[in-house]
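J.: With the hints as constraints, model all of the structure from the sequences given.
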Amino acid sequence: MILWDIFVAFFIPGILGYGGGPASISLVENEVVGNYGWMSVQEFGEVLAFANSLPGPIATKMAGYIGYELGGVLGSFVGVFATVAPSLILMILLGGFLLKYKKSARVHRLTVFVQPVIAVLLGVIAWNFWTEAYVSIGLLQTVIIVLVSFYLIEIKQVHPAFVIAGAMLYGGFFL
Amino acid sequence: MKRQWDIFIAFFRVGMLGFGGGPASIPLVRKEAVDKYKWMDEEEFIDVLAISNTLPGPIATKMAGYIGYRVSGWLGMINALVASVLPTVIMVIILLRTLSEVREFDWVKGMTSAVVAVVGMMMAVLTWQFLYKAGKGLGWLTAIIMLAVIFVLLNYLHIHPGIVIGALLLIALILPVKKEEKEGEHR
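Keeping their order, the protein sequence lines are chains Z and W.
Just so we're aligned, residue 1 is where the first sequence starts under the working numbering, counting upward by one.
Just so we're aligned, residue 1 is where the second sequence starts under the working numbering, counting upward by one.
Just to be clear, a hint being listed does not mean it is correct.
Below, simulated DSS-like cross-link-like pairs (lysine-lysine); rule was C-alpha separation at most 27 Å, straight line [unchecked claim]:
{"#": "1", "chain 1": "W", "residue 1": "K133", "chain 2": "Z", "residue 2": "K103"}
{"#": "2", "chain 1": "W", "residue 1": "K31", "chain 2": "Z", "residue 2": "K100"}
{"#": "3", "chain 1": "W", "residue 1": "K38", "chain 2": "Z", "residue 2": "K102"}
{"#": "4", "chain 1": "Z", "residue 1": "K103", "chain 2": "W", "residue 2": "K136"}
{"#": "5", "chain 1": "Z", "residue 1": "K100", "chain 2": "W", "residue 2": "K38"}
{"#": "6", "chain 1": "W", "residue 1": "K38", "chain 2": "W", "residue 2": "K2"}
{"#": "7", "chain 1": "W", "residue 1": "K133", "chain 2": "Z", "residue 2": "K100"}
{"#": "8", "chain 1": "W", "residue 1": "K31", "chain 2": "Z", "residue 2": "K102"}
{"#": "9", "chain 1": "W", "residue 1": "K31", "chain 2": "Z", "residue 2": "K103"}
{"#": "10", "chain 1": "W", "residue 1": "K133", "chain 2": "Z", "residue 2": "K102"}
Here's a subset of chain W near chain Z, in silico, CB distances under 8 Å, partners left out [as the list claims (entries may be wrong)]:
{"#": "11", "residue": "T88"}
{"#": "12", "residue": "M91"}
{"#": "13", "residue": "L147"}
{"#": "14", "residue": "L169"}
Derived from the structure by calculation, the hints contain no laboratory data.
Idealized CB from N, CA, C, for every residue including glycine.
T.: Here it is as structure tokens:
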């Protein structure tokens, strides 16, 4: 049952992704590319690039798109619902209670303890994306694109949408 | 009706103007909820942000849903979520559908390969940010040992990250808290 699979694939990131959107995205990759094999690394990278170029929260946008590809409008709805609902419902039910403990070292530690897992997952994704690029366009081009895009996005603070658009133009003409 | 319309417009603006994902949209949420519509004061907003941060999952959508709920119940919640998520989901679907129609052309392959290298860089930067936070929060030695163990568990023993995270959450809750970092020391 595809809708159930979509629900599970996005529910797990929604309930375990401590550390906001990026944490959820790393777990989504694990389900969508690793566990269920719905997409290749390359395809996931493309979805991530477009989700980054458009406004609005990235993780929910990806859930909406991937859900749609797999199960149409209903699939899209299920993907977004599974991403957002679990922790939102917790928040509404436990709001006052959590507020009391927002300064507690234990509650703070929840996020801190999960960070290394997310770091490993994100690192593996970065590696897979680069491997993918290396196989299709070679080492030199990959290194050049990585360095130039790092310089533009992280040092010059150019918006990722422009850099991604620029990379597409460069790739379309020269690769 | 007016209230639902306000919620829709407020979070539609947040969704459409928040370039750069969730973190970029949080100040926009504040602008709508605190400055423009006065649904809550500054202090309440900071509380909402703090609770969002202690829970898993994307932060911006959680805030949208929660504020929608506080302003006008479950309908308000659904309204706020639809307004902040739906427009850009439709945009992504249209863009990527167009891309997959032209996928077979050679120049598209070059385009997508270049793009994957760029998002690889962005993931590497995020990796560093999470590494850095882990090192700061746990001490670098503990963090590096944990990273090595987790790397082996996930990539060589193929244990599901959910199980690893669940175990760590349990440890975080059970482990005693050192005196100097008791209540209030941390944000």
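J.: Take the hints in turn and mark each one as holding or not.
T.: Against the structure, the hints:
no., hint, result
1, W/K133 / Z/K103, "18 Å, holds"
2, W/K31 / Z/K100, "25 Å, holds"
3, W/K38 / Z/K102, "24 Å, holds"
4, Z/K103 / W/K136, "18 Å, holds"
5, Z/K100 / W/K38, "24 Å, holds"
6, W/K38 / W/K2, "15 Å, holds"
7, W/K133 / Z/K100, "24 Å, holds"
8, W/K31 / Z/K102, "23 Å, holds"
9, W/K31 / Z/K103, "25 Å, holds"
10, W/K133 / Z/K102, "18 Å, holds"
11, T88, "4 Å, holds"
12, M91, "5 Å, holds"
13, L147, "5 Å, holds"
14, L169, "6 Å, holds"
Checked against the numbered hints above, the structure violates none of them.
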